[in-house]
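Fit chain U to the known structure of chain D by using the hints.
First to last, the sequence lines map onto chains D and U.
Note that the first sequence ends on residue 391 in my numbering; no numbers are left out.
Note that the second sequence ends on residue 1204 in my numbering; no numbers are left out.
Any given hint could turn out to be false.
Here are a few chain D residues that sit away from chain U, every Cβ distance over 12 Å (derived from the structure) [to be verified]:
| id | residue |
| --- | --- |
| 1 | Gln159 |
| 2 | Glu181 |
| 3 | Lys190 |
| 4 | Arg192 |
| 5 | Pro216 |
| 6 | Glu218 |
| 7 | Met260 |
| 8 | Ser320 |
| 9 | Gln375 |
| 10 | Thr388 |
Short, incomplete list of chain D residues facing chain U, as computed with Cβ under 10 Å [to be verified]:
| id | residue |
| --- | --- |
| 11 | Asn170 |
| 12 | Arg172 |
| 13 | Leu199 |
| 14 | Tyr215 |
The hints are simulated quantities; they were obtained by calculation from the structure and are not laboratory data.
Remember, predicted model here, so these are calculated numbers, not experimental data.
For every residue, glycine included, the Cβ atom is placed at its ideal position computed from N, Cα and C.
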Amino acid sequence: MALLEIRDLKKYFPAPAGLLGRAKEHVKAIDGVSLDVEDGETVGLVGESGCGKTTLGRCIVRLIEPGGGTVTFEGRELSSLPEPAMRDMRRKMQIIFQDPYASLNPRMRVGEIIGEGLRIHGLAKGRDLKARVLELLARVGLRGEYFGKYPHEFSGGQRQRIGIARALAVNARFIVADEAVSALDVSIQAQILNMMLDLQQDLGLTYLFISHDLRVVEHVSDRVAVMYLGKIVEVAPAGKLYSVSQHPYTQALLSAVPVPDPSRKGTRTVLQGDVPSPINPPPGCSFHPRCPFALKLCAEEEPRLEFDGQHGVACHVFGPGGTKYL
Amino acid sequence: MLRYLLGRIIATIPVVVLISLLVFLLIHAAPGDPADLLLSDEASAADIADARRRWGLDQPIYVQYLRFLANIASADLGTSFKYSDPVIGLIGERLPATIELAIASLLIAILIGIPLGVWAGAKPNSWADNLGSVLGFFGISMPSFWLGIMLILIVSGYFNWLPSSGRSTYGVGQGSDFYVIQSLLTGNLKTAWDGIKYIIMPAIALGTGMMGLVMRVTRSSVLEIISEDYVRTARAKGLDERTVLWRHVLRNALVPVITVVGLELGTLLSGSIIVETVFAWPGSGSLLIAAIQSRDYPLITGTVLTYTIAFVVINFAIDMLYALIDPRIRFG
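This is chain D alone, in the form it adopts within the complex:
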């Protein structure tokens, strides 16, 4: 059994109502997502802004209450857990947030920020607590004398290290890294990513790595899932996805990644039109209005995520058993 099993997870937000009356419409931020994360692996989650990546990450740890479907962690179904039991589970499932500037309480010292979780969950106190925090600071490459400093005294990269130390503090097994390096300089990104990979090796962590940066995801992930308009359209081992992606959306996404080779003349698949509104996603395959290969069927019936071994594709044309193969 996988460490984390997501089944048909849904989250609809009520669309902002007009001045008069209530609109009955909903933004379908996640619309039926299923995904397994194995113990010790890193699953990358990519997709453009607004596709529901962050909502998915937060629904998993129930920072946002899911609207439907199940999340099972270590064999326990989370959505039915009462709030106190869920707080206890949060110890094992931590999240690293995108913005290292806004996500640390400006009025707390670093030692407090990192140690608070330990104290609340009753993992350490007094001198032990301080020793443990100092150890965590060392783990993320920060000096012990930072213990009594405030967040505003640090650079972005250092703050993100604090955020990571905070997530690690409570002996988490599973960490959702929500755009954990997007706010950082590229040189700092590499440092933080490599540190996260080292920590994974040392501590046996499992990551769900959410990012819009395909290169970063390729670097860190074992498997990668691609999201479009609240759904997973393709999931595959990282190497496979980047070499033999099937879904037209994935291909368009990958063709947009710049390659550091000026002589290379890439063929760039440019998508037509904008992302449709998630309030009223198109019927059938939600990608069909922009898809160069769309058939009549694509506008009528929603494709399911079908697997060929480890490679899953949700497409009537390129999926396993798709028309391409008929």
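Chain U alone, transformed into the frame defined by chain D:
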């Protein structure tokens, strides 16, 4: 830091001078002659002219003002026309009563306003929020003198639960000491309780407006802070909602609340003038009213200047407080 402090102190000088000029001109523009008002009806024209000369009222107004300024510079606020005592002494005898009343009102405003505001802000549009908002608006819109009169009418008049005027049953309790605070500090619970019975109604009358404002500001500040990223971080740590609210949200939400409290302390001082009159509280506010009624120029300007300086000092203390609660704010 020392330079900053010095700068602030020097910056208050023009404020004090300007206020003194304003007060000076205003009271001289008001009709009525102190000599006429204070001397008995049988006083002859010569007596009145003599008194005017003694008080310097026969001089041109700019000479009077410059004399007054020169006196302030040597920390002398002049001598009261009415009491023939130094103004500083008269104010000193009354100020503790006013300060104690202000502290009691402040306590009421903070101890009720902040929890109510946090409660309302944490659950917007709930019944708690609605109840808090009704109480808040009640406090803001209720004139303190009217509230005071109603309290006297109902609590003292109909039910006879609390005394309606003065500071104490035992005849002491003039303005010159911190009656309740001293009794509490010396462990004299009986007199402390006696003082509390007297202070409770004026403190409610004076503090309710501030309570309403504190509640509204706390509510909106909590509402804003609660959606900050670091509050989400706190939840992700697995903290329970109460800890999130009181440790992470409130600490950050307090900055605007403290600003309002600082500004309102000034209003509290001016409000105390009316409330003290309603409850016959022997503080500097009722002293000021008496001074105005008898056109006691030195006493009026002296009291107003004292209030001005208190206001400036309070706001300075509030600025210092910012640095204490928000580590990102530093003065240098």
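We went through each hint and held it up to the structure:
{"no.": "1", "hint": "Gln159", "result": "7 Å, violated"}
{"no.": "2", "hint": "Glu181", "result": "6 Å, violated"}
{"no.": "3", "hint": "Lys190", "result": "15 Å, holds"}
{"no.": "4", "hint": "Arg192", "result": "21 Å, holds"}
{"no.": "5", "hint": "Pro216", "result": "9 Å, violated"}
{"no.": "6", "hint": "Glu218", "result": "9 Å, violated"}
{"no.": "7", "hint": "Met260", "result": "19 Å, holds"}
{"no.": "8", "hint": "Ser320", "result": "34 Å, holds"}
{"no.": "9", "hint": "Gln375", "result": "31 Å, holds"}
{"no.": "10", "hint": "Thr388", "result": "44 Å, holds"}
{"no.": "11", "hint": "Asn170", "result": "4 Å, holds"}
{"no.": "12", "hint": "Arg172", "result": "5 Å, holds"}
{"no.": "13", "hint": "Leu199", "result": "19 Å, violated"}
{"no.": "14", "hint": "Tyr215", "result": "4 Å, holds"}
The earlier numbered hints that this structure contradicts are 1, 2, 5, 6 and 13.
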